[in-house]
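*Asks:* Listed below, chain by chain, are the residues.
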Amino acid sequence: MAMIMVEPVRVRLVLPRTPRAELLATRAVEEAGHRIAFPRDTLAEVKLAVVEACLNAIEYGTGEVEVEVIAHADDAHPWMEVAVVDHGPGFDPSGVAKPVLSDKLRSTRKRGWGLELIRRLMDEVQITSEPGLTRVRMIRRRGGR
Amino acid sequence: METFELKVTDQQGNVAVLEIAGYINNEGGEVIAKEARKLIDAGRHTLLLDLRATRIINSIGISLLLEVLEHTLEVKGTLAFCSLTPSIAKTFQIMGLAQYTRIFPDRVTALTELLPSQ
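Protein chains in written order, with our numbering: chain A, 1 to 145; chain B, 1 to 118.
Calculated from the structure, these hints are not laboratory results.
All C-beta atoms in this analysis are idealised placements derived from N, C-alpha and C, irrespective of residue type, glycine included.
Computed footprint of chain B on chain A, listed as stretches where at least three residues anywhere in the stretch have a Cβ under 8 angstroms from a Cβ of chain B:
{"hint": "1", "region": "21-30"}
{"hint": "2", "region": "42-51"}
{"hint": "3", "region": "105-114"}
{"hint": "4", "region": "117-127"}
No more than 25 angstroms apart at the CA atoms, straight line, and that leaves these computed lysine to any residue pairs for SDA-like:
{"hint": "5", "chain 1": "B", "residue 1": "Lys7", "chain 2": "A", "residue 2": "Arg20"}
{"hint": "6", "chain 1": "B", "residue 1": "Lys90", "chain 2": "A", "residue 2": "Glu116"}
{"hint": "7", "chain 1": "B", "residue 1": "Lys76", "chain 2": "A", "residue 2": "Leu105"}
{"hint": "8", "chain 1": "B", "residue 1": "Lys38", "chain 2": "B", "residue 2": "Arg107"}
{"hint": "9", "chain 1": "A", "residue 1": "Lys98", "chain 2": "B", "residue 2": "Ile103"}
{"hint": "10", "chain 1": "B", "residue 1": "Lys90", "chain 2": "A", "residue 2": "Arg20"}
{"hint": "11", "chain 1": "B", "residue 1": "Lys38", "chain 2": "A", "residue 2": "Thr108"}
{"hint": "12", "chain 1": "B", "residue 1": "Lys34", "chain 2": "A", "residue 2": "Pro19"}
{"hint": "13", "chain 1": "B", "residue 1": "Lys34", "chain 2": "A", "residue 2": "Leu101"}
{"hint": "14", "chain 1": "A", "residue 1": "Lys98", "chain 2": "B", "residue 2": "Ile94"}
{"hint": "15", "chain 1": "A", "residue 1": "Lys98", "chain 2": "B", "residue 2": "Pro86"}
{"hint": "16", "chain 1": "B", "residue 1": "Lys90", "chain 2": "A", "residue 2": "Val125"}
{"hint": "17", "chain 1": "B", "residue 1": "Lys7", "chain 2": "B", "residue 2": "Val75"}
{"hint": "18", "chain 1": "B", "residue 1": "Lys34", "chain 2": "B", "residue 2": "Gln11"}
{"hint": "19", "chain 1": "B", "residue 1": "Lys90", "chain 2": "A", "residue 2": "Glu31"}
{"hint": "20", "chain 1": "B", "residue 1": "Lys90", "chain 2": "A", "residue 2": "Val100"}
{"hint": "21", "chain 1": "B", "residue 1": "Lys90", "chain 2": "A", "residue 2": "Ile70"}
{"hint": "22", "chain 1": "B", "residue 1": "Lys7", "chain 2": "B", "residue 2": "Val31"}
{"hint": "23", "chain 1": "B", "residue 1": "Lys90", "chain 2": "A", "residue 2": "Ala97"}
{"hint": "24", "chain 1": "B", "residue 1": "Lys76", "chain 2": "A", "residue 2": "Thr108"}
{"hint": "25", "chain 1": "B", "residue 1": "Lys34", "chain 2": "A", "residue 2": "Arg109"}
{"hint": "26", "chain 1": "B", "residue 1": "Lys34", "chain 2": "A", "residue 2": "Thr18"}
{"hint": "27", "chain 1": "A", "residue 1": "Lys98", "chain 2": "B", "residue 2": "Ala89"}
{"hint": "28", "chain 1": "B", "residue 1": "Lys90", "chain 2": "A", "residue 2": "Gly143"}
{"hint": "29", "chain 1": "B", "residue 1": "Lys90", "chain 2": "A", "residue 2": "Ala37"}
{"hint": "30", "chain 1": "A", "residue 1": "Lys98", "chain 2": "B", "residue 2": "Gly96"}
{"hint": "31", "chain 1": "B", "residue 1": "Lys76", "chain 2": "B", "residue 2": "Leu115"}
{"hint": "32", "chain 1": "B", "residue 1": "Lys38", "chain 2": "B", "residue 2": "Pro116"}
{"hint": "33", "chain 1": "A", "residue 1": "Lys98", "chain 2": "B", "residue 2": "Gln93"}
{"hint": "34", "chain 1": "A", "residue 1": "Lys98", "chain 2": "B", "residue 2": "Asn26"}
{"hint": "35", "chain 1": "B", "residue 1": "Lys34", "chain 2": "A", "residue 2": "Glu59"}
{"hint": "36", "chain 1": "B", "residue 1": "Lys34", "chain 2": "A", "residue 2": "Arg20"}
DEER-style ranges, computed between Cβ atoms:
{"hint": "37", "chain 1": "B", "residue 1": "Leu115", "chain 2": "A", "residue 2": "Leu13", "range": "45 to 55 angstroms"}
{"hint": "38", "chain 1": "A", "residue 1": "Glu130", "chain 2": "B", "residue 2": "Leu115", "range": "54 to 64 angstroms"}
{"hint": "39", "chain 1": "A", "residue 1": "Val6", "chain 2": "B", "residue 2": "Gly13", "range": "50 to 60 angstroms"}
Based on the sequences and whatever the hints tell you, model everything.
*Replies:* In structure tokens form, the structure reads like this:
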């Protein structure tokens, strides 16, 4: 039986440094996801994770924030891959403490949930970071998580 | 769909319902926190946030909801949510919010539980 290779759907964008720019990335995720019939609820979780990655990149990065969305249309196992790249000072992902709600409620700083949400909403997350280049690559499969 | 809107649609006893539509980010979260503070100060110590028309929320908006939660806990009140999308419900579950708030499938169920029986 012949195998039919379907090219992945790729969307690349550079986010402007304007309020709600992260929503542009969610539209790209939605569009690419629809093209491979990715389940709506799973796509919604990918969008939440991508929002967090973009917010971090916009807040801590400098210069352009680049987003690449790739939707892989493998018939049995379609999957979404999103990379968010910024050119900020970089950070050590292992040094980011896991947030605990009871601690946050007692603290004046209630933020710090982004990375945890990304890790829990996606199937795979790889973060490479050095001064000038941070790349967060996230993968979500249909039926994952 | 992403334009933020907040309406206080119902106030009975010490319960107030805040109907929220659109993206809960820093701006939307600030609006919710400000309105919640006003309602709590006016004696509405049980707040029900109806998120039926909210599809997306970010962690900055969530941190502002935590401020609302803190205020309701200070007055021994209740923060409740209803009509969450599956992805927002999962986000709240990841954070452990169910431990400190009440989460209902819809507004009717929520009000049945939250309003004192006549």
